[in-house]
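Trainee: So you can see what is in the structure, the chains are spelled out below.
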Amino acid sequence: MPDDAKTVLVVDDDPDAREFLTTVLQDHGFVTATANDGAEAIAMIEQAAPDLVALDITMPEKSGVAVYRRLKQDDHLKSIPVIIITGISDEFEKFISSRRQVPPPEGYISKPVDHQKLVDMVTELLA
Amino acid sequence: MDSQYRHYFEAMPCYLTVQDREFRIVDANQRFRKDFGDFEGRYCYQVYKKRSERCEVCPVARTFRDGERHESEEQIRTLDGDELSVMVQTTPIRDEAGKITTVMEMSTDITHHTNMEKLLRRSQRRYHTLFDEVPCYITIQDPDLNIVDANRAFQENFGNGLGRKCYQAYKHRSEPCALCPVQETLDDGQPHTREEVVTSLDGKHRNVLVTTAPIPDGEGGTTGVMEMSADITDVRELEDRLTQLGLLIGSVSHGLKGLLNGLAGGMYLVDSGFTKGNEERVKKGWATVNRNVARIRSMVSDILYYAKDRVPNWEPLSAPLVAEEVCGLMESRAKDLQVQLITSVDQSAGEFEADAQAVRSLLVNLIENSLDACRLDDKQATPQVVVRLQGLADHIRYEIEDNGIGMDQETQERAFTLFFSSKGTGTGLGLFISDRIAQAHGGTIELESQPGVGTKFVVKLPRVRPTQHEPDSSDLTEKDGPHA
Chain A
1 MPDDAKTVLV VDDDPDAREF LTTVLQDHGF VTATANDGAE AIAMIEQAAP
51 DLVALDITMP EKSGVAVYRR LKQDDHLKSI PVIIITGISD EFEKFISSRR
101 QVPPPEGYIS KPVDHQKLVD MVTELLA
Chain B
1001 MDSQYRHYFE AMPCYLTVQD REFRIVDANQ RFRKDFGDFE GRYCYQVYKK
1051 RSERCEVCPV ARTFRDGERH ESEEQIRTLD GDELSVMVQT TPIRDEAGKI
1101 TTVMEMSTDI THHTNMEKLL RRSQRRYHTL FDEVPCYITI QDPDLNIVDA
1151 NRAFQENFGN GLGRKCYQAY KHRSEPCALC PVQETLDDGQ PHTREEVVTS
1201 LDGKHRNVLV TTAPIPDGEG GTTGVMEMSA DITDVRELED RLTQLGLLIG
1251 SVSHGLKGLL NGLAGGMYLV DSGFTKGNEE RVKKGWATVN RNVARIRSMV
1301 SDILYYAKDR VPNWEPLSAP LVAEEVCGLM ESRAKDLQVQ LITSVDQSAG
1351 EFEADAQAVR SLLVNLIENS LDACRLDDKQ ATPQVVVRLQ GLADHIRYEI
1401 EDNGIGMDQE TQERAFTLFF SSKGTGTGLG LFISDRIAQA HGGTIELESQ
1451 PGVGTKFVVK LPRVRPTQHE PDSSDLTEKD GPHA
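So the sequences go chain by chain: A and B.
Quick note: the first sequence uses this note's numbering, first residue 1, plus one each step.
Quick note: the second sequence uses this note's numbering, first residue 1001, plus one each step.
Check each hint, because a few of them may be wrong.
[Stated by the list, open to error] With a Cα cut of at most 20 Å, we get these calculated SDA-like pairs of lysine to any residue: (1) K62(A) to P1451(B); (2) K1276(B) to D27(A); (3) K117(A) to L1260(B); (4) K1379(B) to Q116(A); (5) K1379(B) to A33(A); (6) K1276(B) to D37(A); (7) K62(A) to Q1412(B); (8) K62(A) to V1453(B); (9) K1257(B) to Y108(A); (10) K1284(B) to F1274(B); (11) K62(A) to Q1409(B); (12) K1379(B) to A39(A); (13) K1379(B) to I109(A); (14) K1284(B) to Q26(A); (15) K1283(B) to D27(A); (16) K1276(B) to K62(A); (17) K1276(B) to A39(A); (18) K1257(B) to Q26(A); (19) K117(A) to D1271(B); (20) K1276(B) to Q116(A); (21) K1283(B) to T22(A); (22) K1257(B) to D27(A); (23) K1257(B) to T22(A); (24) K62(A) to T1411(B); (25) K62(A) to S1449(B); (26) K1456(B) to T1343(B); (27) K1379(B) to E40(A).
Simulated from the structure, these hints should not be mistaken for lab results.
Could you build the full structure based on these sequences and the hints that come with them?
Mentor: Shown next, in the form of structure tokens:
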């Protein structure tokens, strides 16, 4: 792995989904970290900011929406690109229409994830 | 007759005759002569009714017989052929010895009045028919909410409500409803509309749209209220079904997307494993595919269970055997997830009456939920699910306890709610169905949980089915101490 490899934080409560996304990203030269709920994700980002966050919406504890708000309202963290990865498109729509003083996410991929689309989007956002 | 009285007699605005015992007219006034001609030698029944014999029922005959006054309503025909309704009144005329010599008969023309009465009766009949046949429940209520009239639909569905209070007949309440459209109309004299749920004689709940209208007293006030209730139960049921169907589709597609994502992940691992010659990765991927296929299978079975109302197939079941069967089914799933499935079964727990397939689904759903709670917890070094069985006097008790992620307060409160799921791959059907099955068996499911510690489900099912033995709270009261 090259020294300048970018780190992607994968946040999803489903272990199968985490395994899938991290394997795809590692196969394409990215370093991965995982968090299985929103609270854990925020703690990890505050400790060591990743280069990109792949974020699920529906999770127990803190949801993806709370993580996204926290990130985008923090001057030090708001530049980290976020790709929302979710199965609920209308929940995502609601999230988009209800967001206040936060910009739209840099990317959105619906489940089931097309792995090539994920790799292309991450590569482009981190170029 | 004095000439003055003769004058009065002649001028009376009715037909006056004096008749002997043969009903022969011996005197008549001017009005009579004008409409019926000369009377001499003619008989009452000939003149008035154009009959050849006396009438069967005759007030003159009765007065001759008993000396009393009599009256009756008759139909007569004038010389011009006009049919008239007359009110006939008779009075005896006596001689000095008190003997009845003749009877005076006075016939007053009431044709107009009779015609009006007929019209009124016809109109009343028509309105009553309409009142009765309208396909909704109508009551007329007095200012104290007493039902003073009700149509047929009301009486068929809510009994003869006359004299009862509206809230007694419709809602089986002893007090007036807090928000009452009839009371509102009594207060302001305006129509009001509300949707209500009422209970018919057969105990069924009906959704009705109630509309009230004031009954004016003619002096600007209100004497009562007409309440019309249209039954909209079918419409509401259809709406509920459509809403539920919409929620089901939304919930199922959400869960399905999560499971398809799992399958996509498994397929990626298998494909890339082959390309890289990494056998370990292929195995891992294939296990993921298998796991997600099993979850889809279980989701489909939940949907099918939800989609139709099953009639329970009651049979005596061995409680330990059911526990062992279900644990046997779940063993490979637990192994795959590296969760230890421990069973602690009281072999002498005995039998209970239940639907075998339903009880298996109930337990499988709870164990799957517990396995999922362990799968989602990556901090637990020794994830485990314990299934316990105890036989008690009136009921059997299954316990499913895990040391997985646990549930927060909101998730616990909504755990058995239809379409609620805290998981990205849940449909919100599993625990709802388990709860419904427990209820159908007269049993209960209790839930204890703590985030980061784990969850325990306690299922209590009575030994005897509820149709023979209605369970009450004492049957299901804990007889043993709290379980560790």
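Trainee: Would you mind marking each hint as holding or not holding in the structure?
Mentor: Status of each hint after checking the structure:
| no. | hint | verdict |
| --- | --- | --- |
| 1 | K62(A) to P1451(B) | holds (13 Å) |
| 2 | K1276(B) to D27(A) | holds (10 Å) |
| 3 | K117(A) to L1260(B) | holds (16 Å) |
| 4 | K1379(B) to Q116(A) | violated (31 Å) |
| 5 | K1379(B) to A33(A) | holds (15 Å) |
| 6 | K1276(B) to D37(A) | violated (31 Å) |
| 7 | K62(A) to Q1412(B) | holds (16 Å) |
| 8 | K62(A) to V1453(B) | holds (18 Å) |
| 9 | K1257(B) to Y108(A) | holds (15 Å) |
| 10 | K1284(B) to F1274(B) | holds (12 Å) |
| 11 | K62(A) to Q1409(B) | holds (14 Å) |
| 12 | K1379(B) to A39(A) | holds (14 Å) |
| 13 | K1379(B) to I109(A) | violated (28 Å) |
| 14 | K1284(B) to Q26(A) | holds (16 Å) |
| 15 | K1283(B) to D27(A) | holds (17 Å) |
| 16 | K1276(B) to K62(A) | violated (37 Å) |
| 17 | K1276(B) to A39(A) | violated (36 Å) |
| 18 | K1257(B) to Q26(A) | violated (23 Å) |
| 19 | K117(A) to D1271(B) | holds (17 Å) |
| 20 | K1276(B) to Q116(A) | holds (17 Å) |
| 21 | K1283(B) to T22(A) | holds (17 Å) |
| 22 | K1257(B) to D27(A) | violated (24 Å) |
| 23 | K1257(B) to T22(A) | holds (19 Å) |
| 24 | K62(A) to T1411(B) | holds (13 Å) |
| 25 | K62(A) to S1449(B) | holds (18 Å) |
| 26 | K1456(B) to T1343(B) | holds (14 Å) |
| 27 | K1379(B) to E40(A) | holds (12 Å) |
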